[in-house]
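*Asks:* Here is what each chain is made of, one letter per residue.
Number of protein chains: 2
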Amino acid sequence: MVTIKDVSKLAGVSVATVSRALNESGYVSEKSRRKVEAAVKELGFYPNEVARTLYHKKSKMIGLLVPDLSNPYFTALASGAEDALSERGFSLLLGNVQDNSDKISTYVRNFEQNNVAGLLSALPIEAEVIRSMPVVNLDRVSDRDKYIVHADDFQGGQIAGATIAARNPGQLIVMVGPQELQTAKDRLDGTLSILDQKGITYSLFETDSYQVKGATEVVEDLFKQYPHMDSVIATNDIYGALIIQAALKRGIAVPDKLQVLGYDNSSFGSLVYPALSTINQPAYDIGYLSAVLLVNRIEGKKIAQEQIKLPVNLVLRNSLREKVNDDA
Amino acid sequence: MVTIKDVSKLAGVSVATVSRALNESGYVSEKSRRKVEAAVKELGFYPNEVARTLYHKKSKMIGLLVPDLSNPYFTALASGAEDALSERGFSLLLGNVQDNSDKISTYVRNFEQNNVAGLLSALPIEAEVIRSMPVVNLDRVSDRDKYIVHADDFQGGQIAGATIAARNPGQLIVMVGPQELQTAKDRLDGTLSILDQKGITYSLFETDSYQVKGATEVVEDLFKQYPHMDSVIATNDIYGALIIQAALKRGIAVPDKLQVLGYDNSSFGSLVYPALSTINQPAYDIGYLSAVLLVNRIEGKKIAQEQIKLPVNLVLRNSLREKVNDDA
DNA sequence: TTGAAAGCGATACCAG
DNA sequence: CTGGTATCGCTTTCAA
Chain A
1 MVTIKDVSKL AGVSVATVSR ALNESGYVSE KSRRKVEAAV KELGFYPNEV
51 ARTLYHKKSK MIGLLVPDLS NPYFTALASG AEDALSERGF SLLLGNVQDN
101 SDKISTYVRN FEQNNVAGLL SALPIEAEVI RSMPVVNLDR VSDRDKYIVH
151 ADDFQGGQIA GATIAARNPG QLIVMVGPQE LQTAKDRLDG TLSILDQKGI
201 TYSLFETDSY QVKGATEVVE DLFKQYPHMD SVIATNDIYG ALIIQAALKR
251 GIAVPDKLQV LGYDNSSFGS LVYPALSTIN QPAYDIGYLS AVLLVNRIEG
301 KKIAQEQIKL PVNLVLRNSL REKVNDDA
Chain B
1 MVTIKDVSKL AGVSVATVSR ALNESGYVSE KSRRKVEAAV KELGFYPNEV
51 ARTLYHKKSK MIGLLVPDLS NPYFTALASG AEDALSERGF SLLLGNVQDN
101 SDKISTYVRN FEQNNVAGLL SALPIEAEVI RSMPVVNLDR VSDRDKYIVH
151 ADDFQGGQIA GATIAARNPG QLIVMVGPQE LQTAKDRLDG TLSILDQKGI
201 TYSLFETDSY QVKGATEVVE DLFKQYPHMD SVIATNDIYG ALIIQAALKR
251 GIAVPDKLQV LGYDNSSFGS LVYPALSTIN QPAYDIGYLS AVLLVNRIEG
301 KKIAQEQIKL PVNLVLRNSL REKVNDDA
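Protein chains in written order, with my numbering: chain A, 1 to 328; chain B, 1 to 328.
Just to be clear, a hint being listed does not mean it is correct.
Note: identical chains are not told apart, hence a pair may lie in one copy or across any two.
What the hints assert, rightly or not - Restricting the straight-line Cα-Cα distance to at most 27 Å, the calculated cross-link-like pairs of lysine-lysine (DSSO-like) are:
hint, residue 1, residue 2
1, Lys146, Lys31
2, Lys41, Lys103
3, Lys103, Lys224
4, Lys323, Lys249
5, Lys301, Lys57
6, Lys103, Lys58
7, Lys185, Lys224
Derived from the structure by calculation, the hints contain no laboratory data.
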């Protein structure tokens with residue numbers, strides 16, 4: 001390993017001068033600078049981040065906590081965050097919590113041990129777990145979050161409600177996600193506000209997680225409970241796709257007999273048939289912007305907005321019936 | 001930040017003793033050990049990994065290079081690797097290369113600067129980029145890889161060929177992936193070996209990457225070139241799903257008029273309709289085992305196999321016609 | 001069995 | 001402008 005000491009020796013200056021030249025901090029004569037540059041080039045030197053981190057007590061790494069990497073929504077989040085970070089010279093330390101929320105504190109601990117500069121979390125973290133490091137939440141994970149980038153869930157819920165309301169809902173099932181998540185709560189509030197206002201009746205069907213596995217069974221249950229339903233607002237696109245599939249398997253025409261609306265705009269939604277209508281959550285953007293926000297915070301830049309709410313929009317494909325009612 | 005020094009002060013022993021107690025290295029009296037343990041607990045101390053890394057010149061982090069996080073195959077790889085690593089006390093530093101292969105060397109550089117203990121790569125890396133760190137490849141990315149975990153691509157190709165061969169191929173299109181990837185080459189060889197042996201004719205259709213974006217256009221092209229094709233062996237499930245969709249959109253019945261075989265067994269394959277038949281590549285296992293192999297290498301354990309080839313298998317769903325020919 | 005001390009690689013203060 | 005040096009937190013000789 002080539003160190004700053006090797007460079008200083010070859011360049012014939014002190015390590016202090018090398019460091020100054022490298023970081024463009026303090027005075028360095030043109031002559032010294034050139035000697036250092038030549039030596040750096042000749043040796044193929046690049047500074048060791050670990051040593052820097054030890055000195056500064058702060059690395060150029062960011063921890064990312066996601067509940068489930070096999071869900072494309074979170075992958076998109078991660079992807080956006082990674083892009084923003086690598087553009088800014090940071091790297092991503094991954095924490096895939098799976099369904100095991102005990103792992104959260106283990107990951108946070110590990111992040112701290114590595115002196116990460118900050119934390120990006122798509123999961124609720126108990127305050128006491130974090131000793132001190134800036135956190136930005138992706139998705140509104142709890143109510144008291146200060147820094148947060150999230151989609152407008154209430155609006156998303158409203159759009160979902162209005163979209164179905166305008167299309168002959170018939171027997172309507174509204175799937176609801178885990179209510180300890182603010183985001184699921186807001187979405188439900190939005191949907192019900194519209195439905196109630198229009199006097200449309202519905203049944204709620206609760207699902208306790210966003211995990212992929214087990215979803216098939218949940219859908220079986222759904223069909224068992226409501227074999228004659230006419231419309232479903234699903235909690236996400238995975239459920240949306242599964243419901244379509246289960247319907248076709250049972251010979252129920254989609255969307256004629258059963259219409260389905262997803263949520264998230266996951267990439268595979270456009271691959272299924274009939275293509276899934278859904279609410280587009282700008283997952284990549286959420287990831288990207290939250291990383292930008294976090295880095296700005298870390299670098300002490302002024303931040304215009306501590307809470308960024310991104311609009312969502314309807315992506316109309318083929319899993320919904322024609323609109324019959326325009327007062328939505 | 002609580003340091004080993006704070007612990008030593010509270011425990012009334014030297015930092016050397018604390019370190020020995022913590023690492024169970026060297027002699028430490030029962031009495032000292034207890035004092036240290038008590039102090040550690042009282043202060044909530046946990047060691048700083050950065051300092052450890054600086055001393056050892058080797059961290060507990062592994063770099064992972066993937067071409068595209070939005071492709072579920074690579075997500076599964078990452079997920080498996082992450083699980084294996086976190087079980088073994090390592091963390092994952094993520095490098096999402098996207099289509100920009102210039103980024104590879106940037107990431108590798110960054111990994112080196114952070115003294116990662118090793119590298120997991122699903123991309124071909126030029127040897128000269130790596131100064132010195134153990135590498136394990138996921139997927140056979142090139143021919144000269146020493147340490148590697150990959151699916152049996154030749155076998156996969158054979159299965160694909162035989163599966164189609166047994167089902168009235170008619171006009172058959174074989175999509176082929178980027179031939180600079182050993183894995184794509186092997187797969188093609190496997191397929192053609194079977195097809196040629198059975199005297200089945202086919203046309204090749206080349207795709208130059210596994211990226212998701214642009215795939216729709218590629219599929220359009222495919223249908224333009226071969227509007228009357230009867231069978232397609234797709235390069236992956238994304239293409240498989242898109243082909244099914246494009247077919248149904250054109251009123252071409254699947255599988256009656258056009259049958260489609262995917263590759264990868266991506267999770268969404270079971271969500272589309274008709275559900276996609278595919279070749280199961282144990283992506284999660286590949287990720288998991290490659291991480292295990294790498295960690296064993298890092299920890300100097302004996303390794304039974306430097307190259308692990310995992311069998312693949314056919315996942316029969318509904319996108320293929322009935323078998324009419326059993327000599328496959 | 002213990003502690004003092006010398007690093008690991010880089011930064012930044014301070015004196016010259 | 002430059003170089004010597006203390007420092008970051010931890011590990012590991014080496015003597016005692």
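*Asks:* Against this structure, judge whether each hint is valid.
*Replies:* Here is what the structure says about each hint:
1. Lys146 <-> Lys31: neither (49 Å within a copy, 46 Å between copies)
2. Lys41 <-> Lys103: between (44 Å within a copy, 20 Å between copies)
3. Lys103 <-> Lys224: neither (35 Å within a copy, 50 Å between copies)
4. Lys323 <-> Lys249: both (25 Å within a copy, 21 Å between copies)
5. Lys301 <-> Lys57: Intra 19 Å, inter 33 Å, cutoff 27 Å: intra-copy only.
6. Lys103 <-> Lys58: Result: close both inside a copy and across copies, 23 Å intra and 24 Å inter.
7. Lys185 <-> Lys224: Within one copy only: 25 Å inside a chain, 47 Å across chains, cut-off 27 Å.
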